[in-house]
Structures are given as structure tokens and as C-alpha cells.
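Trainee: Sequence:
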Amino acid sequence: MKGGLIIGVIILVVIVLLGFSFLKAPSQEEFTEEVPISIEEETGIDESIPEELEEIPSPVVKEFTITASNFKFEPSNLAVNQGDIVKITLINEGGTHNIFFEEYNERTNVESAPVTQTLEFVADQLGSFAFWCEVSTHRALGMEGTLVVG
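Under the working numbering, the first residue of the sequence shown is numbered 1, with each subsequent residue one higher.
It cannot be assumed that every hint is accurate.
[As the list claims (entries may be wrong)] 30 angstroms max Cα-Cα, derived DSSO-like pairs, lysine-lysine:
| # | residue 1 | residue 2 |
| --- | --- | --- |
| 1 | K62 | K72 |
| 2 | K87 | K62 |
| 3 | K87 | K72 |
[Said to hold, decoys possible] Pairwise CB distance ranges, derived in the manner of DEER restraints:
| # | residue 1 | residue 2 | range |
| --- | --- | --- | --- |
| 4 | P36 | I10 | 17 to 23 angstroms |
| 5 | P36 | I85 | 48 to 54 angstroms |
| 6 | V60 | G94 | 17 to 23 angstroms |
| 7 | P36 | P59 | 15 to 21 angstroms |
| 8 | N81 | P36 | 14 to 20 angstroms |
| 9 | T116 | I85 | 17 to 23 angstroms |
Don't read these hints as lab results, they were simulated from the structure.
For glycine and all other residues, C-beta sits at the position ideal for the given N, C-alpha and C.
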């Protein structure tokens, strides 16, 4: 009787397994439906550029060649925009001279002609600024000019 019970259980298991095999399991193809996925990464950082920054122009280099001779600078009037990089090339054609921009604390060396010197600074202050030769009485004799920053 025990043998019959074991055979009965085996037959029952085979029937159950056959029953499951007849139930149609979904094929792999039925699960491969394309679903668009959108991933938005939240960084908490505003990556937009403020309008006031978009309107700021890049610094422009304004170059001037100034000739120093006989108690004068030529040209003696310079105009730039605020934020421009001012590059001065001073050509000393006669005597001993330099050029000094007091408000910007920029100057060339006092040297005798013939000599060429350069200096560079950012015009970050608005207004009209005098520049002059620092040698003795050269400024009083008219060796000065004006830098206008607008």
C-alpha cells in the first residue's frame, strides 16, 4: 500500500507539472515594450545667466602711443570706457621724461631720450584724470594731459 501511495503522489506531481506547462507564461517579447523615460536631475543650482551679466561686454584693450618732447605730450587727450584695459606706449624723443597717472598710481620710469616704455592698467574709475611728467617743472610748463573714462 505504501508503494501505491508513492506512485499516486508521483502521478499527482506529474499532472500538476503538466498543468503548469500548459498555462502559457508570457514570452520575453511581450515584456519588451519601449517606454520613454525622462530623467530630470535636480541640482538645486540655477544655471541660467542673469540678464545683467549677458550685457557686460568683454574688456577692450585701448592702445595709445604718446610722444614726449619739449614739455608736451602728443596726443594729450585720451578717452576710454570704464573697464577698458589702457595700454600706453610712451616714446621719449627728447629730454628726460616720464608719464604719471596719479589716480591709477601708474607711471613709467624717468628716463632720458631716446627711449620707449609701456604701462598698462584697467580704467576702473569714471571721470576725467590728469596725467603729467613728474620731472621738475615739466608739468607747470605744460607737459600734461587728460584721460577721460566714460
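Trainee: Which of the numbered hints above does this structure break?
Mentor: Hints 4, 6, 7, 8 are the ones this structure does not satisfy, whereas the remaining hints hold.
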